[in-house]
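Could you slot chain G onto chain C? The hints should help.
2 protein chains.
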Amino acid sequence: MKSIRRTAPRIADVAERAGVSVSTASKALNDTGQLREDTRARVKEAAAELGFVAGASGRGPADTRTYTVGLLTTDSFGRFTIPLLMGVEDALAAGRMAIILCDTRDDVLRERHYLASLQERRVDGLIITGRTTDPRPSVGLPIPTVYAFSPSDDPEDFAVVADEAAGARAAAEHLAAMGSRRIVHVTGPQRHHSAAIRAEATADALGEALIAPPQYGHWSEEWGRHAVDMTLAAHPDVDGFCCGSDQIARGVTDRLRERGVDVPGQVRVTGFDNWDVMALASRPPLTTVDMGLKTLGRLAGRTLLDLVEGEGEPPRRQVLAPRLEVRGSSL
Amino acid sequence: MKSIRRTAPRIADVAERAGVSVSTASKALNDTGQLREDTRARVKEAAAELGFVAGASGRGPADTRTYTVGLLTTDSFGRFTIPLLMGVEDALAAGRMAIILCDTRDDVLRERHYLASLQERRVDGLIITGRTTDPRPSVGLPIPTVYAFSPSDDPEDFAVVADEAAGARAAAEHLAAMGSRRIVHVTGPQRHHSAAIRAEATADALGEALIAPPQYGHWSEEWGRHAVDMTLAAHPDVDGFCCGSDQIARGVTDRLRERGVDVPGQVRVTGFDNWDVMALASRPPLTTVDMGLKTLGRLAGRTLLDLVEGEGEPPRRQVLAPRLEVRGSSL
Numbered sequence: 001m002k003s004i005r006r007t008a009p010r011i012a013d014v015a016e017r018a019g020v021s022v023s024t025a026s027k028a029l030n031d032t033g034q035l036r037e038d039t040r041a042r043v044k045e046a047a048a049e050l051g052f053v054a055g056a057s058g059r060g061p062a063d064t065r066t067y068t069v070g071l072l073t074t075d076s077f078g079r080f081t082i083p084l085l086m087g088v089e090d091a092l093a094a095g096r097m098a099i100i101l102c103d104t105r106d107d108v109l110r111e112r113h114y115l116a117s118l119q120e121r122r123v124d125g126l127i128i129t130g131r132t133t134d135p136r137p138s139v140g141l142p143i144p145t146v147y148a149f150s151p152s153d154d155p156e157d158f159a160v161v162a163d164e165a166a167g168a169r170a171a172a173e174h175l176a177a178m179g180s181r182r183i184v185h186v187t188g189p190q191r192h193h194s195a196a197i198r199a200e201a202t203a204d205a206l207g208e209a210l211i212a213p214p215q216y217g218h219w220s221e222e223w224g225r226h227a228v229d230m231t232l233a234a235h236p237d238v239d240g241f242c243c244g245s246d247q248i249a250r251g252v253t254d255r256l257r258e259r260g261v262d263v264p265g266q267v268r269v270t271g272f273d274n275w276d277v278m279a280l281a282s283r284p285p286l287t288t289v290d291m292g293l294k295t296l297g298r299l300a301g302r303t304l305l306d307l308v309e310g311e312g313e314p315p316r317r318q319v320l321a322p323r324l325e326v327r328g329s330s331l
Numbered sequence: 001m002k003s004i005r006r007t008a009p010r011i012a013d014v015a016e017r018a019g020v021s022v023s024t025a026s027k028a029l030n031d032t033g034q035l036r037e038d039t040r041a042r043v044k045e046a047a048a049e050l051g052f053v054a055g056a057s058g059r060g061p062a063d064t065r066t067y068t069v070g071l072l073t074t075d076s077f078g079r080f081t082i083p084l085l086m087g088v089e090d091a092l093a094a095g096r097m098a099i100i101l102c103d104t105r106d107d108v109l110r111e112r113h114y115l116a117s118l119q120e121r122r123v124d125g126l127i128i129t130g131r132t133t134d135p136r137p138s139v140g141l142p143i144p145t146v147y148a149f150s151p152s153d154d155p156e157d158f159a160v161v162a163d164e165a166a167g168a169r170a171a172a173e174h175l176a177a178m179g180s181r182r183i184v185h186v187t188g189p190q191r192h193h194s195a196a197i198r199a200e201a202t203a204d205a206l207g208e209a210l211i212a213p214p215q216y217g218h219w220s221e222e223w224g225r226h227a228v229d230m231t232l233a234a235h236p237d238v239d240g241f242c243c244g245s246d247q248i249a250r251g252v253t254d255r256l257r258e259r260g261v262d263v264p265g266q267v268r269v270t271g272f273d274n275w276d277v278m279a280l281a282s283r284p285p286l287t288t289v290d291m292g293l294k295t296l297g298r299l300a301g302r303t304l305l306d307l308v309e310g311e312g313e314p315p316r317r318q319v320l321a322p323r324l325e326v327r328g329s330s331l
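These protein sequence lines map, in sequence, to chains C and G. Take the first sequence: its position 231, counted from the start at 1, is 231 in the numbering used here, and no numbers get skipped. Take the second sequence: its position 63, counted from the start at 1, is 63 in the numbering used here, and no numbers get skipped.
Hints are computed from structural coordinates only; laboratory data are not their basis. It cannot be assumed that every hint is accurate.
[As the list claims (entries may be wrong)] Every beta carbon over 12 Å from chain G, so not counted as near; a handful from chain C, in silico:
(1) S23
(2) E120
(3) M178
[What the hints assert, rightly or not] Partial selection, computed: residues in chain G whose CB lies under 8 Å from chain C:
(4) M86
(5) E89
(6) A98
(7) I100
(8) L101
(9) D103
(10) D106
(11) V108
(12) L115
(13) S117
(14) R121
(15) A281
Just so you know, these numbers come straight off a predicted model, no measurement behind them. Backbone N, C-alpha and C fix where the C-beta goes; we use that ideal spot for every residue, glycine too.
The following block holds chain C by itself, in its conformation from the complex:
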């Protein structure tokens, strides 16, 4: 496995030698759990042969781990990082790992400083995340590393990512399945990776039901309202707004109501993100794509634990399928 130093026998080595699972080996060495005495003895013998030193929760003199993980984000712990962070925490708590927080605020120098500091602290692992699914440069440190949500540009790195395109397709197909036939796509800036990915997938899924090119603008309610005015002028027969974010979808819904257009009776609307503050406060509440960020964080945390503890070889790339949350705006 790339970039993981093995300085001492690990519990996985003991387990393999004794012909038991890692969890059984751990129980045997810690004198916990219900095991047959000969199993326990076999594990302890294997540990002795390998020079594995066990202590409370496996910590002993030979244990050079610090039980800390660095979590590096560019998102300033915003809307995307928080649920992800909660998932990571859930997973790492099981391994008694503490999380050191590093918010780079999109500053390359700050990132370099943090990475140096984390190495100096000899963290057991790194989780790298950000607010975009655009691949980022690999940090390339000799420490077990998992990229969460934001993959790296190195296919050899371990990454857990959301399938934005699948999410966009799910929303578009739902609109079509509910009966919308004249749909527009309103989204954020074209240069934004997520906007481009979602727009392309939406266009693919809708085919001729997409009656205009994607309308790129801003991730804001105001842009959603403005897009409604433009669309109603050009395509008064529109019957679906497939939006690139919940903020845009909320602006669309508000403006349609103000223009006397019934949602979902005359026009159906979908969002993206399942940001409760927007999706639930909308009238009606928004049908929207949930990328499952907490689940994604949990998966990233577990993957990192596996790497740190040398438990098998996780897949390099794990892709989480988003879920469509269906609410009043499209029914």
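Using the frame of chain C, we list chain G on its own:
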């Protein structure tokens, strides 16, 4: 000073002995900055006399610090913790301290587990925060501790808090100063400490200009809209809504517009929190109280650094005055 162990001479001791500031002492020992040579020599002499061991950033064999701080929150890193966290990070970066993140999710057992783990890791200090200004039980550990936003119930503890009552008064007095004379206060649940504090301060500031008892409900836009309908029925001559949160104020503003009431022409509206997503998306944008959470976090971080480094005795209770952000909803 309570609960701070002093195991080795500190740079403050060196500075005192040499008759210079701590920052000068630090520059002298690290051979940085522009100092007169005799000053530099005097500091080094003082350090030698005291047995102070300097290394890069003052780390030497005598340094038993771990340069880590535990940040414990009950807020699940929500809207209140994030700006605060950024401020704490700003301040602690100056002291090369890493932050270990502990999200208790309002669970007493989880909190106990985290506190034990942080002690075991020998963190240099603790910052305790949460989503309410209601005093919480003191954690009472022999580690330098600063309570941020959520004070403790022990007046001997160090706390940096926001003055919610002053914020509420500022909004109320602004409405009155702009000419509103028939004002209602719409806010969250009465059992919620912030709702009660803000309501009391609002009533005090407005006197007879408050034409109805505080309307307690929920921290939601929906409640704001509902409160408008009730208020217009009972007091059609209302000319000001002083709201306990931006979410409520946004609901109020939306509903007034839907009812054909001009904001701010006929009715002025104020919010509380300066939550950009709500305050700026509102039509018109909201005049609102900003508690300065990032500044508060920075102050808490600096106070903790002072405690850890033994630099003087900070005040036990530091109160930050909120700021009124004036926008279109009240002008």
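To see whether the hints hold, each was checked on the structure:
1. In this structure C:S23 is separated from chain G by more than 12 Å, as the shortest Cβ-Cβ distance comes to about 21 Å.
2. At the 12 Å boundary, the C-beta of C:E120 falls inside the reach of chain G, the nearest C-beta of that chain being 10 Å off.
3. The Cβ of C:M178 lies farther than 12 Å from every Cβ of chain G, with a closest approach of about 26 Å, so its non-interface assignment holds.
4. About 7 Å separates the beta-carbon of G:M86 from the nearest beta-carbon of chain C, less than 8 Å, and the hint is met.
5. Checking G:E89 against chain C: minimum C-beta separation of about 6 Å stays under 8 Å; hint holds.
6. Restraint check, G:A98 versus chain C: the minimum CB separation of about 5 Å is within 8 Å; hint holds.
7. Interface restraint check: G:I100 against chain C, minimum CB-CB distance 5 Å, threshold 8 Å, status holds.
8. About 5 Å separates the beta-carbon of G:L101 from the nearest beta-carbon of chain C, less than 8 Å, and the hint is met.
9. Taking 8 Å as the C-beta cut-off, the interface hint given for G:D103 holds, the closest approach to chain C being about 6 Å.
10. Hint on G:D106 is violated. Least Cβ distance to chain C is approximately 13 Å, over the 8 Å limit.
11. The closest approach between the C-beta of G:V108 and any C-beta of chain C is roughly 16 Å, which is over the 8 Å cut-off, so the hint fails.
12. For G:L115, the interface hint is violated, since its Cβ never comes within 8 Å of a Cβ in chain C; the closest pair sits about 12 Å apart.
13. Below 8 Å, beta-carbon pairs count as interface contacts, and G:S117 has one with chain C at about 7 Å; its hint therefore holds.
14. Interface hint status for G:R121: upheld, as the beta-carbon distance to the closest one in chain C is roughly 7 Å, under 8 Å.
15. Taken as an interface hint, G:A281 checks out: its beta carbon lies about 5 Å from the nearest beta carbon of chain C, inside 8 Å.
In summary, the structure is inconsistent with hints 2, 10, 11 and 12 from the numbered list given earlier, while agreeing with the others.
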